[in-house]
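Engineer: Chain by chain, the residues run as shown.
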Amino acid sequence: MKHGSDSATRATNVLGVAAGVLMLVLPFLGPWWIARAGADAIAIALSPFDLSISVLGQPVHSNLVELFLLAEKIAMIIAGVFMISGSLSPNSWWAGRLVRFGVMKPFWAIVGLVVLIVFGTFLINSALPSLLSNAVQDGGTSIQLSIPYLVGSSSTTIQIGSQATITAPVNLSLAPAFWVAVVTAVLGVMARISHRRFQKR
Amino acid sequence: MKWALRLLGLALTIGPILIALGAHDWDVKKAVLPSDEEIRQISDQVTGIFGGGFSQETLTFGEPILSGNIIRLPVTFRSPLKVPIKITDFSVMVTDQGAQAIELQMEETGLDIPANGTAALTLVGSISGALPSNPKLAAISASLEVYGVTIQLHPSIQGG
Numbered sequence: 345m346k347h348g349s350d351s352a353t354r355a356t357n358v359l360g361v362a363a364g365v366l367m368l369v370l371p372f373l374g375p376w377w378i379a380r381a382g383a384d385a386i387a388i389a390l391s392p393f394d395l396s397i398s399v400l401g402q403p404v405h406s407n408l409v410e411l412f413l414l415a416e417k418i419a420m421i422i423a424g425v426f427m428i429s430g431s432l433s434p435n436s437w438w439a440g441r442l443v444r445f446g447v448m449k450p451f452w453a454i455v456g457l458v459v460l461i462v463f464g465t466f467l468i469n470s471a472l473p474s475l476l477s478n479a480v481q482d483g484g485t486s487i488q489l490s491i492p493y494l495v496g497s498s499s500t501t502i503q504i505g506s507q508a509t510i511t512a513p514v515n516l517s518l519a520p521a522f523w524v525a526v527v528t529a530v531l532g533v534m535a536r537i538s539h540r541r542f543q544k545r
Numbered sequence: 002m003k004w005a006l007r008l009l010g011l012a013l014t015i016g017p018i019l020i021a022l023g024a025h026d027w028d029v030k031k032a033v034l035p036s037d038e039e040i041r042q043i044s045d046q047v048t049g050i051f052g053g054g055f056s057q058e059t060l061t062f063g064e065p066i067l068s069g070n071i072i073r074l075p076v077t078f079r080s081p082l083k084v085p086i087k088i089t090d091f092s093v094m095v096t097d098q099g100a101q102a103i104e105l106q107m108e109e110t111g112l113d114i115p116a117n118g119t120a121a122l123t124l125v126g127s128i129s130g131a132l133p134s135n136p137k138l139a140a141i142s143a144s145l146e147v148y149g150v151t152i153q154l155h156p157s158i159q160g161g
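Chains as they are written, first to last, in my numbering: chain F, 345 to 545; chain Z, 2 to 161.
Okay, chain Z solo, but in the shape it has when bound (with noise of 0.2 Å):
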């Protein structure tokens, strides 16, 4: 009995490794490591997020609005992620020959996205003086929440 119970600790112990090797060939990378298919689909999800990237549609800025000196800029947000996301925070720094830089800040407090899709934002800002003659961005910060991951941005801007 003493032997049969060892033997069965024994077998619980090795016979799990046995069939899973001989399940795969005895390849251990097999048996151990997920399989293709499934490193194949988390790789899709993280080219979904960061796939695809930023380009010049994904931002489409309105016709201002100024108000006093409030300046309220009307933005399209067209998603390039494959996952749906948050902005909590977005910013962009204009500026304009000879003139003061004008930060402009998200008005909302938080922005739900889904996947690929649009959404629209304001951003606010004070302006000393008239509206720029010929504005270029110069900045942009955002802040982007996916799978309660925040990603902070601030792409270099080339050319304005």
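The following block holds chain F by itself, in its conformation from the complex (with noise of 0.2 Å):
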């Protein structure tokens, strides 16, 4: 990866320059997973850097939530800019911790979202029925949920008695910004391998 003469100062890391482009746009490329119950009855839209949550078209918002996440966006933006310092630099003695700063977070967000999404699905899953059976009165009532893990389509249906049926279909589905998250962080673990080949010279 190196451009021009074989002077070591002028080598340019380009995966890291790359991947640090591509961390500094993720955070303003909207949400990374879509769910939907019925036409917007609830609408989730998540990344690492927003949550949007929807409920009858009534906006939800977690103050703590909020800022965390805008931390994570800050935190990501910083990373991409050390990321594209270091790698345009790779020789200087601090490229190496500005690179490692953030050359694994798009990697870290991906699994962290993955976890967090497949975790909170089979809390929904497994403990919302009898929680939602057991606050509402009518002993007739009962729930049958079996939302998909990340993605897919299902039904919920909600069974009142025998006066009335609920049934709502619900819809996951990755938005194409999950995807240049993926590539980002492939782009990091090239672009942190090829660091190592710089620091050795």
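Simulated from the structure, these hints should not be mistaken for lab results. This one's a predicted model, so the numbers in the text were calculated from it and none came from an experiment. By construction, the Cβ of each residue, glycine as well, lies at the ideal position given by its N, Cα and C atoms.
Below, computed lysine to aspartate or glutamate pairings styled on EDC-like, alpha-carbon distance capped at 20 Å: (1) K83/Z / E58/Z; (2) K87/Z / E146/Z; (3) K87/Z / D384/F; (4) K137/Z / E104/Z; (5) K83/Z / D384/F; (6) K417/F / D394/F; (7) K137/Z / E58/Z; (8) K30/Z / E410/F; (9) K31/Z / E410/F; (10) K83/Z / E39/Z; (11) K137/Z / D97/Z; (12) K87/Z / D113/Z.
Distance windows between CB atoms, simulated: (13) V526/F / A116/Z: 40 to 48 Å; (14) D384/F / I66/Z: 34 to 42 Å; (15) S396/F / P115/Z: 21 to 29 Å; (16) V455/F / D28/Z: 28 to 36 Å; (17) R79/Z / S499/F: 29 to 37 Å; (18) T119/Z / L475/F: 36 to 44 Å; (19) E64/Z / V462/F: 57 to 65 Å; (20) V526/F / S157/Z: 50 to 58 Å; (21) S398/F / A116/Z: 13 to 21 Å; (22) P115/Z / S490/F: 32 to 40 Å; (23) L67/Z / L472/F: 45 to 53 Å.
Okay, the calculated bits of chain F under chain Z, using three or more residues with CB under 8 Å as the criterion: (24) 392 to 404; (25) 434 to 445.
Could you fit the two chains together into a complex? Lean on the hints.
Structural biologist: In structure tokens form, the structure reads like this:
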């Protein structure tokens, strides 16, 4: 990954620069994962930088979660800047530290998001039906949930005695931004490997 | 530099938690959960869908029209719901003393009704013999769509 002459100071870790640029863009690409029940009866759009929840058209916010995700956004941008700086001058004494600060952030963001969604879905499928059935005083109420893990479609049915049945289609999907994140994570891992080669020179 | 970067990472993790808790008088519940106003708005929306409920004024049956063995019954539906809905299916079972029960089905394939709106629909069925002299509503079945969620209702009929 050396450009121009063989002067070490002019070397550039191209993979690192590419990963860094994508890390700068990633927080602004929108949700990575979208969940919908009905026609936006419940809508969730999630990424490691943003969370949007609306129930029957009414948005729901959590101050702590929003600030935490804002910090994640800032951290990713800083990591992207460090990544580019470290990759433009990979032989500098400080390059390794800057690159290491954020090179694995996209990878861990993907892992964290997937684990969170799968764990959340597991909790909803296993605990929510009995919680809701107990909450409703009517003994004839039963809830059937089989929400797919991460992606897919299913149907949720709430039976209220013999008088009413509520059925909601549930759709879960990964947005294009998720795949950009995967590319960024792969580039980040490759950049880390190639950075070691620069350091050895 | 190593420690500065570690501190930066730590600050970006702990900072938002401290800021959010500090802004809500260190009340974890208030910092994490939606505000009371947001919860109230959602409750209002849910009440808007199910509140008010269906009453005798919801359905008004017109005069039946008999054509051969086909009976048509005009019905006016006054939605008690504060959100737009779509009626996808509606049927009633009418009985009379000693006569065979008549099932009437909604003729329209789907009927969009605005919030608290009114819509006219026609129930159609076949009848063998004369119109019932003292008809009684034995059963109602309705299928509604609200926000893409299907609600099938089979309310119990008291007194006919």
